[in-house]
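Chemist: The primary structure of each chain is shown beneath.
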Amino acid sequence: MIDVKRRVFLKGSAAAGAVVAAAGAGLIAPQAVLAEWNEAAFRSKTVADAIKAQTGTDATEESADIKIKAPEIAENGAVVPVSVSSSIAGVTAISILAASNPSPMVASFALGESTVADVSTRIKMGKTGDVIALVQAGDKVYTAKKEVKVTIGGCGG
Amino acid sequence: MAKAKSSIKLRAKEKNGVTTVKALMSHPMETGQRKNKKTGENIPEHFIQEVVGEYNGKVVITTSWSGGVSKDPYLSFSFKGGANGEMVKVSWTDNKGGSDSNEVKIKGKK
Amino acid sequence: MKKTVVAIAILCVVGLSSTVVAKNAADTTPAQDIETYRSYFTKKFPGVPLQEFSNGVYAIDKVSRDSWEAIEEFPPYEPFIEEGEELWNTPFANGKGYADCFKDGPAQRKNYPHWDAKRKMVVTLPLAINECREANGEKPLKWKVGAIASLLAYMGYESRGQTTNVVIPEGDADALAAYNEGKSQYFSRRGQLNFACASCHMQSSGMHVRTDILSPGLGHTTGWPVYRSKWGNLGTLHRRFGGCNKQVRAKPFKAQSKEYRNLEYFLTHMSNGIEFNGPSARK
Chain F
1 MIDVKRRVFL KGSAAAGAVV AAAGAGLIAP QAVLAEWNEA AFRSKTVADA
51 IKAQTGTDAT EESADIKIKA PEIAENGAVV PVSVSSSIAG VTAISILAAS
101 NPSPMVASFA LGESTVADVS TRIKMGKTGD VIALVQAGDK VYTAKKEVKV
151 TIGGCGG
Chain D
158 MAKAKSSIKL RAKEKNGVTT VKALMSHPME TGQRKNKKTG ENIPEHFIQE
208 VVGEYNGKVV ITTSWSGGVS KDPYLSFSFK GGANGEMVKV SWTDNKGGSD
258 SNEVKIKGKK
Chain C
268 MKKTVVAIAI LCVVGLSSTV VAKNAADTTP AQDIETYRSY FTKKFPGVPL
318 QEFSNGVYAI DKVSRDSWEA IEEFPPYEPF IEEGEELWNT PFANGKGYAD
368 CFKDGPAQRK NYPHWDAKRK MVVTLPLAIN ECREANGEKP LKWKVGAIAS
418 LLAYMGYESR GQTTNVVIPE GDADALAAYN EGKSQYFSRR GQLNFACASC
468 HMQSSGMHVR TDILSPGLGH TTGWPVYRSK WGNLGTLHRR FGGCNKQVRA
518 KPFKAQSKEY RNLEYFLTHM SNGIEFNGPS ARK
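Protein chains in written order, with my numbering: chain F, 1 to 157; chain D, 158 to 267; chain C, 268 to 550.
Please keep in mind that the hints were generated in silico from the structure rather than gathered at the bench. Ideal placement from N, C-alpha and C gives every residue a C-beta, glycine not left out. There's no promise every hint is true.
[Unchecked claim] Partial pick of chain D residues on the chain F-facing surface, computed with a CB cut under 8 Å:
1) V175
2) Q206
3) E207
4) I218
5) T219
6) S221
7) W222
8) V226
9) P230
10) F234
11) S235
The whole structure should be built from the sequences, with the hints applied where relevant.
Modeler: And the structure:
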């Protein structure tokens with residue numbers, strides 16, 4: 001029932017193709033899925049500390065092969081839709097950080113071997129700042145960022 | 158009252174060999190930073206810490222969250238494989254030890 | 268608070284140069300009003316198809332529409348639809364249920380609000396729901412949030428695709444009076460800040476007020492109930508009316524008061540021809 005009446009919007013899903021191809025070729029490493037909630041990463045007060053705690057290194061590389069989908073201007077900082085996808089081979093984990101939040105690390109996703117590097121969630125942002133995507137593949141850490149302007153903060157009331 | 162409902166609404170759809178799962182969970186996702194307007198005290202942290210997605214009993218994604226994920230959180234992920242009628246399961250655990258899970262059949266080509 | 272006043276003061280410059288609707292509510296007919304009201308917006312927002320006006324501010328603002336579309340991927344109101352369906356199917360203590368009151372099923376939006384000639388009053392869907400409960404020995408539900416909003420979400424969902432068609436029965440002076448009362452309310456300035464609904468949702472539609480872009484008043488009744496992220500909950504149309512009154516520091520009327528029912532009667536009539544698409548998500 002629900003399916004028939006749901007609102008449907010037409011949109012391109014350009015990123016999906018490339019990602020699927022990578023998965024199809026079996027390039028995604030069979031890395032074990034993380035388990036423990038990474039206290040240190042989530043409690044870090046700076047982006048640099050959070051990245052270090054999440055990945056064990058601060059040697060990151062900016063990558064054009066990461067796509068962040070997030071609004072230019074957040075309608076409401078309490079609910080900012082964010083999607084991260086990547087065509088990098090062998091992605092084992094994706095993290096999302098909100099640079100200007102008091103604790104920047106918001107979410108991290110550990111991917112299984114058949115899992116496509118394409119995740120979406122909705123995050124809170126207290127004020128304008130970068131949304132940073134962190135993509136781990138092999139022993140490399142790639143990043144990309146996108147600025148989101150926030151007019152109504154999402155951390156207060 | 159009506160029977161207890163899952164706190165997770167779940168959909169899974171297979172297309173061209175990839176199954177996309179979308180989940181919407183009911184949870185307050187309190188950061189611990191918000192003040193109770195009446196008492197002026199901080200509302201204690203209460204948020205989902207981990208969400209696990211499984212397909213055919215195998216974990217395909219483990220998600221860790223902070224209270225920085227929005228109230229009534231949303232998660233979408235995709236994996237290669239999946240066929241009409243097969244099961245996908247999503248479960249969450251929060252920082253107070255609360256948990257819930259739900260399962261759904263994949264919709265795809267028959 | 269101070270900020271609101273400043274933002275609104277800017278708006279005041281635009282003012283209410285109301286050539287749009289006659290000074291006296293009774294000077295024009297309901298049919299003429301629809302014509303005037305609708306063409307006001309279709310001229311102001313040329314490129315926006317009539318049906319799109321059911322989407323509030325998202326009909327006219329691309330930036331906020333992007334976030335909204337992402338949220339509609341799995342909208343926060345969906346669990347409420349399911350809850351409403353369960354409520355609909357749960358019998359009352361006397362064994363009867365909503366289906367005994369609403370004989371042709373849950374898809375009821377097209378029938379409301381309507382003029383009840385016998386009782387000489389406007390009957391809205393929430394009112395009919397509570398009257399159904401009371402007729403069956405059940406307590407009425409609270410008007411603005413909770414179970415009633417969930418029921419309305421389910422009924423609204425089942426009504427998607429129906430078209431707004433509020434009739435002001437011809438020759439019924441009382442019905443016309445109720446309609447005109449709603450209309451006067453829409454165009455009357457109220458509150459410390461001296462604003463009418465029309466000041467914001469006609470003259471200033473498309474403009475910024477603080478962090479909001481004002482939505483066009485056309486289609487304002489079609490998307491309810493609404494999950495507002497700001498509320499973190501699903502709420503009813505009259506809850507919104509109250510919020511808008513408070514914004515200009517006017518004392519809100521009670522949900523389902525005669526004032527708000529008449530306002531809903533007028534405002535829904537203005538949206539005749541636009542499809543119902545509730546429930547909806549708003550920021």
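Chemist: Would you settle whether the hint for D/W222 is holds or violated, based on the nearest Cβ-Cβ distance to chain F being less than 8 Å?
Modeler: Since the shortest Cβ distance to chain F is 5 Å, the answer is holds.
Chemist: Does the nearest C-beta of chain F fall within a distance shorter than 8 Å of the C-beta of D/S235?
Modeler: This interface hint holds because 4 Å falls under the 8 Å limit.
Chemist: The hint names D/P230 as touching chain F; please verify it with the least Cβ-Cβ distance against 8 Å.
Modeler: holds (7 Å)
Chemist: Taking 8 Å as the limit, does the beta-carbon of D/T219 come near enough to a beta-carbon in chain F?
Modeler: holds (4 Å)
Chemist: Restraint: D/S221 near chain F, CB-CB cut 8 Å. Satisfied or not?
Modeler: Since the shortest Cβ distance to chain F is 5 Å, the answer is holds.
Chemist: Under 8 Å is the threshold here; is the Cβ of D/I218 close enough to any Cβ of chain F for the hint to stand?
Modeler: Given a least distance of 6 Å, the restraint on D/I218 holds.
Chemist: Quick check on D/Q206 please, does its C-beta sit within 8 Å of some C-beta on chain F?
Modeler: holds (5 Å)
Chemist: Would the hint on D/E207 be counted as holding, given a Cβ-Cβ threshold of 8 Å to chain F?
Modeler: With Cβ-Cβ at 6 Å, under 8 Å, it holds.
Chemist: Given D/V226 as an interface hint, is its Cβ closer than 8 Å to any Cβ of chain F?
Modeler: Holds, about 6 Å.
Chemist: Quick check on D/V175 please, does its C-beta sit within 8 Å of some C-beta on chain F?
Modeler: With a closest approach of 6 Å, the D/V175 hint holds.
Chemist: For the hint on D/F234, does the least C-beta distance to chain F fall short of 8 Å?
Modeler: holds (5 Å)
Comparing the model with each earlier hint shows no violations; every hint is respected.
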